[in-house]
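Based on these hints, arrange chain B with the ligand on the given structure of chain A.
Residue numbers (our numbering), protein chains in the order written: chain A, -3 to 133; chain B, 8 to 438.
Check the hints yourself; a few may be wrong.
Calculated pairs, DSS-like style, for lysine-lysine (alpha carbon to alpha carbon, straight line, at most 27 angstroms) [said to hold, decoys possible]:
1. A:Lys1 - B:Lys383
2. A:Lys55 - B:Lys377
3. A:Lys57 - B:Lys383
4. B:Lys46 - B:Lys59
5. B:Lys209 - B:Lys232
6. B:Lys429 - B:Lys375
7. B:Lys201 - B:Lys382
8. B:Lys112 - B:Lys18
9. A:Lys54 - B:Lys383
10. B:Lys394 - A:Lys1
11. B:Lys377 - B:Lys229
12. A:Lys1 - A:Lys121
13. A:Lys57 - B:Lys394
14. B:Lys31 - B:Lys51
15. B:Lys382 - A:Lys25
16. B:Lys375 - A:Lys13
Just the calculated beta-carbon pair ranges, DEER-fashion [to be verified]:
17. B:Asp433 - A:Lys25: 44 to 50 angstroms
18. A:Lys129 - B:Glu401: 47 to 53 angstroms
19. A:Gly12 - B:Asn169: 40 to 46 angstroms
20. B:Asp386 - A:Ile28: 20 to 26 angstroms
21. A:Lys25 - B:Ser420: 23 to 29 angstroms
22. B:Gln76 - A:Gly12: 43 to 49 angstroms
23. B:Ser356 - A:Lys25: 40 to 46 angstroms
Stretch-level coverage of chain B by chain A, calculated; a stretch enters the list once three of its residues show a Cβ under 8 angstroms from a Cβ in chain A [said to hold, decoys possible]:
24. 384 to 393
25. 404 to 417
Keep in mind that the hints were calculated from the coordinates and are not lab data. All C-beta atoms in this analysis are idealised placements derived from N, C-alpha and C, irrespective of residue type, glycine included.
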Amino acid sequence: MPILKQLSVFVQNQPGKIERLTSVLAENKINILAFNIASSGEYGVIKIIVDKPELAHKKYKEAGLTAYLSEVLGIVMKDKPGGLNDVAKIIAKNRLNVENAYVYVPKSRKNAMLIIDVRDIKAVKQNLEFEKKLKKR
Amino acid sequence: MFWQKEFETMKRDKLEKLQLKRLKETAALVYNKVPYYKKLFKAKGVTPGHIKTLEDISKLPFTTRDDLQKNYPDKLLTIHHHDTMRLHTSSGTTGKPKAVFFTRKDIDVAANNIARCLTMTGVTKADVLQNMMSYGLFTGGLMMHYGAEKVGALVIPSAIGNTERQLLLMEDFKTTSIHLTPSYALYLSDIFEKKGPAFRKKIKLKRAYMGAEPYTEETKKKIEKILKVKVYNSYGLTEMNGPGVAFECEYQNGMHLWEDSYLMEIVDPKTDRPLPDGETGELILTTLTREGMPIIRYRTRDITAIIPEKCKCGRTHRRIMRIKGRADDMFIMRGVNIYPQQIERVLMSVAHVEKNYQIYLDEGDKIKVKVEITKKLFDGNLEHLKKLQADLTEKLRTEILVRPSVELVEPGSLPISEGKAKRVFDNRKIY
Ligand SMILES: [Zn+2]
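Excised from the complex, chain A in its bound form (with noise of 0.2 angstroms):
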């Protein structure tokens, strides 16, 4: 189960805010592998997934923008009838806090992937790592 790297980024709700954030990252031929939003009205926090999220965090806090870099989990789930019940199922099976989660389709386009914030990401990677270990013997 790999770990991605989001980049959350604070946007008020006007006009051009969100336009800023990704020519930001055209200026600096950054790809968005996938993109979220999450507004209470007045005020958002976009989440973004990109090629090069160190890079892009860097020119986000260089044009001042709030942005906040952190680990994700990806699920991927498998291109067929109740692949999302699948990744449902690992959610629940490792009881996962989850506070936001959103689809990223990979260029491949084979399986897509559920990107999820879960609290605590470093528990939650040994747990599953534990897991596959466990499943092998």
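Using the frame of chain A, we list chain B with the ligand on its own:
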């Protein structure tokens, strides 16, 4: 430690008797020597003879900043300027500055009050005081310099700025005490943080005197933590001799105002009604010993309250609270007097937002507080932001008794506040 124990711990009745004697003398002096004051007295139908008790001060006219500017350069002097020794000025928000003249005795009294302040916070002749205030027309530099010399401390007149040199002096001459503005102290704190604990170990600093600008308790705590010093709050204004009008003692709980030099009153800034000890209003000061340019009932525009309780240190001169704000900044919302500093204090304690906020007063007595989100506050979690917003709203409501709407905005979206930035935008119609 006391500089002048018998004066500093003088019994209240004796102190008040001394105040009354000096008030009568001061009133007579300005009435007889300053035509402008004679005119003001006559307009109120009073003469110095009307002063029988200290309460009678409320019969006398106020002196405003405007009066000082109108009488620029030297029309409020009781003597020819040949007989004065020093000039300081204080800039007004508009127009001419306010010029204040000092005789040899006036400077001596001011320096003596500062000597009391320094001594009560532990300064002796063995100390090294680095005076990081601008020297010149502003009283912060020179007056503190004279006060520290009186104590016999080694004074380094480093003035403000050139931080690398300040640090070098601090290290090489083992500075124990610094005198500076809160904004410079915050800047210095950043530098100390960057240089790390090894650098702090080389520095012998024990205490910092902060004044000239109002600041919050949170700012003080932050500076105490980073610089590892005790911060003593200092209150003063050029019109009243500059620093050391009121000063914190070792208990750091309110500032003792030297009542043998100044008669203090607290009045409601809107109605001019005198307020009892403990109530918040505008501080009014009358000089009691000044020869060259005495000032009667000066409207400081500073908002504070007199602390009624006795201080543990034994000094009988009453304390005033940290300056809550400027009377000019005050606004009224649903009948409640509100100062921007109250809002700032809450923002600092909840969110460490420091200076990046604005207050909007809108039609229907609505108050909106815009707060810039800082890097420290943002962890990518929308729920945390909502919680912060709710916390701020609730704490502000408790402080100002009106429920505000709190808006979180991006950093840099509010104008950077250099000194006296505009914080309050009143969009209400005036009926
Ligand atoms: Zn005390």
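Legend entry - Unmet hints by their number, sorted upward, for this structure: Structure breaks no hint.
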